[in-house]
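Colleague: Protein chains in written order, with our numbering: chain A, 1 to 210; chain B, 1 to 229; chain C, 1 to 284.
The hints are simulated quantities; they were obtained by calculation from the structure and are not laboratory data.
We put the CB at the ideal spot given by N, CA and C, even for glycine.
A portion of the hints provided could be inaccurate.
Partner residues are not named here, just some residues of chain C that face chain B (Cβ under 8 Å, in silico) [what the hints assert, rightly or not]: (1) LYS69; (2) VAL71; (3) ASP157; (4) ASP190; (5) ASN244; (6) ALA247.
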Amino acid sequence: MEIQLNAIKKAYGERLVLDIDHYGIEKGQIMGIVGPNGAGKTTLLRILAGLDHDYEGHVTYDGQELNRAIQKKMTLVFQKPYLFHRSVYENIAYPLKIRKTPKEKIKVKVEEILNNLEITSLKQQNARSLSGGESQKVSLARALVFEPRLLLLDEPTSNIDPLSLEILEREIIRYNRKSCASVIIVTHSMEQAERLCDKIIYMNNGKVIK
Amino acid sequence: MDYIIDGFFKAIQLLTSFDQEVYGIIILSLLVSSTATLISSTFSIPLGIYLGAKEFKGKRIFSRLLFTSMSVPSVIVGLVVAILLARRGPFGSLQLLFTPQAMIIAQTLLVIPLCLGLTFNLSRTRGKEIKEMGITMGGSKINTLFLMIRELKMDILINIVTTFSRAISEVGAVMIVGGNIKNDTRVITTSIAMFNSMGDYPTAIALGLVLLLLSFIVNSLIYNYNQGG
Amino acid sequence: MRKILSILLILALVFSFALVGCSNDTDQQPDPQAEERDIILATTTSTRDSGLLDYLLPIFKEESNINVKVVAVGTGQALQMGRDGEADILLVHAKATEEIFMQEGHGVVRHDVMYNDFVVVGPEDDPAKLKEKAPQDIIAGFKLIAENEAPFVSRGDESGTHIMEKNLWAEAEIEPEGEWYISAGKGMADVLKMADEKLGYTLTDRATYLNLMDVVELDILLEKDEKLFNQYGIIPVNPEKNENIKAEDAIIFMEWMLSDETQSLIGEFGVDKFGMPLFTPNAN
Chain A
1 MEIQLNAIKK AYGERLVLDI DHYGIEKGQI MGIVGPNGAG KTTLLRILAG
51 LDHDYEGHVT YDGQELNRAI QKKMTLVFQK PYLFHRSVYE NIAYPLKIRK
101 TPKEKIKVKV EEILNNLEIT SLKQQNARSL SGGESQKVSL ARALVFEPRL
151 LLLDEPTSNI DPLSLEILER EIIRYNRKSC ASVIIVTHSM EQAERLCDKI
201 IYMNNGKVIK
Chain B
1 MDYIIDGFFK AIQLLTSFDQ EVYGIIILSL LVSSTATLIS STFSIPLGIY
51 LGAKEFKGKR IFSRLLFTSM SVPSVIVGLV VAILLARRGP FGSLQLLFTP
101 QAMIIAQTLL VIPLCLGLTF NLSRTRGKEI KEMGITMGGS KINTLFLMIR
151 ELKMDILINI VTTFSRAISE VGAVMIVGGN IKNDTRVITT SIAMFNSMGD
201 YPTAIALGLV LLLLSFIVNS LIYNYNQGG
Chain C
1 MRKILSILLI LALVFSFALV GCSNDTDQQP DPQAEERDII LATTTSTRDS
51 GLLDYLLPIF KEESNINVKV VAVGTGQALQ MGRDGEADIL LVHAKATEEI
101 FMQEGHGVVR HDVMYNDFVV VGPEDDPAKL KEKAPQDIIA GFKLIAENEA
151 PFVSRGDESG THIMEKNLWA EAEIEPEGEW YISAGKGMAD VLKMADEKLG
201 YTLTDRATYL NLMDVVELDI LLEKDEKLFN QYGIIPVNPE KNENIKAEDA
251 IIFMEWMLSD ETQSLIGEFG VDKFGMPLFT PNAN
């Protein structure tokens, strides 16, 4: 999915939190956004995800404004994952269920991604009882299982153990290569950005600085 | 002092002898209050969840009004409903005054603000996270609503129990619109008031114990369900 | 657990439909052939408390298939329900007020049905010495109570009983006021209990007193003065008030109450339990 940002402005009272003249994000890339706290990275991501409509300017996805069809083809992985009060399997199956995927197909896809993220053993466990790293993996699994065309990630690997981090990063890259979906990842870690991203942009004070 | 003890004994005796009048009163109370709870929950829960998580103009004023109406005195609701249902009132031709149906209507109107207010507040404080999750999952508005209800299920159940408790323990509304008619519109609370004023303490105490027991059972069921889930 | 709750929920739904469907027939099996008719009888709390209607109405229902719904309120409210057309028939005991009610055109007709009597009850030791000095003279009795400033509890609620009490004070030329005179604003049974607590006197109908005899420690200290007879009247409400008044059935009930058979039933009520009837039938 290709994204165009036009004259995006958002203010909280006096303070301008986003001020982007024009920016285009090519399809199929993994793009990283880095910058200090308060730079507007998360705000931008939320606008892209369709969670925030309080701004000026236009965002287009493959030339279109945000609509239900587009919303269904993208997702945002939050920094702090919200997992449903159900089993890991049911959490991951959820987006497929609401897309009316047949049961057998759901089983195949969920088990595949459980396997990729090495959390098959957690399948029946209550998702709320997982550790930080396990939660993040389930959160990512849930986001990838329905094969979105646009994957937004807000610091998906802060505060997790190195092994989980490795598995998560590997999966993100693998997904991008396999599906050519666009990926935008906000991260604090310059190293992570360099490991994962085809392109990196810097933000500060709401502006994109090359 | 003796009469209080006598009351307890009479209470046990009445309950175990399956006295028809007493059991009729108990069953009617349960029917009226659970129907009122059912109707008001069905209306209030989806609406409360939806409004609580939504940004809209005047939300603050709406909250104030809603929370105030949660504690409207039951006699006032009873009075208003009685005026509407009276023969010379706008709905007089329906002949609903002094019937169980009128009692259900009055109790439903009484507890709707309570159920709506509690659910609204629940959604307002905890709903945003779930709602955003629902949006990022690509679900429709209905999908997201059901997701929120499911995720907040425990607290919603507690709200329903609170609503039921309010309904079954009120006396003002059912007394005015029901008339406390024997074998017809007599419920636990109106009976307690009546038996007390007649000096029949044993029966009044028996019914009081039943009301407490009912509350305890309902609360226990929900507590167990919550623990298990 | 979830299953149990779902079952309970379904039961509640089923019951609520049953409730709505079966309307007012909560007693016995519904008779599918005959249509059930209801009338609303407004009467006083003391009439309800006497138990007379619990005794008579099932018999009436058998014979006529009319369900009499008894709404028991104060005399004032009962008459107001009559004026407003919210009740179909009234059974009250405030003859003077009833006659004004009739003059104002609110009722179809008024008949005497029965009477009971009032008594003055008080503490066993009888500080005002009613039993000694005025066992059958209510005016003298009231004067004794006022002179001694013995505690006296009044209904204070514009009920038939209260109106009778006020008239008696007026006749005794006494304005009852002061700490000894307690205006309760409650029903007869509550007032008796209050008098019991305060070791005071009160004017009560015999029936309520007999029903509460086990619960209060008051004795009858003054009775059988003609002035203490309490006449009950039955009044079907004027159907011109609104279309929902069941005038025909109300009149059927009234005629039944005035019939010889019912009158003798009334005369027997209370004999088993108290050894004396609570009411004296006097329809003519």
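Colleague: Min Cβ distance, C:LYS69 to chain B: is it shorter than 8 Å?
Modeller: 5 Å, holds
Colleague: Should the hint that C:ASP190 touches chain B count as held when the rule is a Cβ pair under 8 Å?
Modeller: Constraint on C:ASP190 satisfied, holds at 5 Å.
Colleague: Taking the least C-beta to C-beta distance, is C:ALA247 closer than 8 Å to chain B?
Modeller: 13 Å, violated
Colleague: Does C:ASN244 pass the interface check with chain B, least Cβ-Cβ distance below 8 Å?
Modeller: 5 Å, holds
Colleague: Does C:VAL71 hold up as a contact with chain B if the rule is Cβ-Cβ below 8 Å?
Modeller: 4 Å, holds
Colleague: For the restraint on C:ASP157, tell me whether the closest CB of chain B is nearer than 8 Å.
Modeller: 12 Å, violated
Hints 3, 6, counting from the list given before, are not met by this structure.
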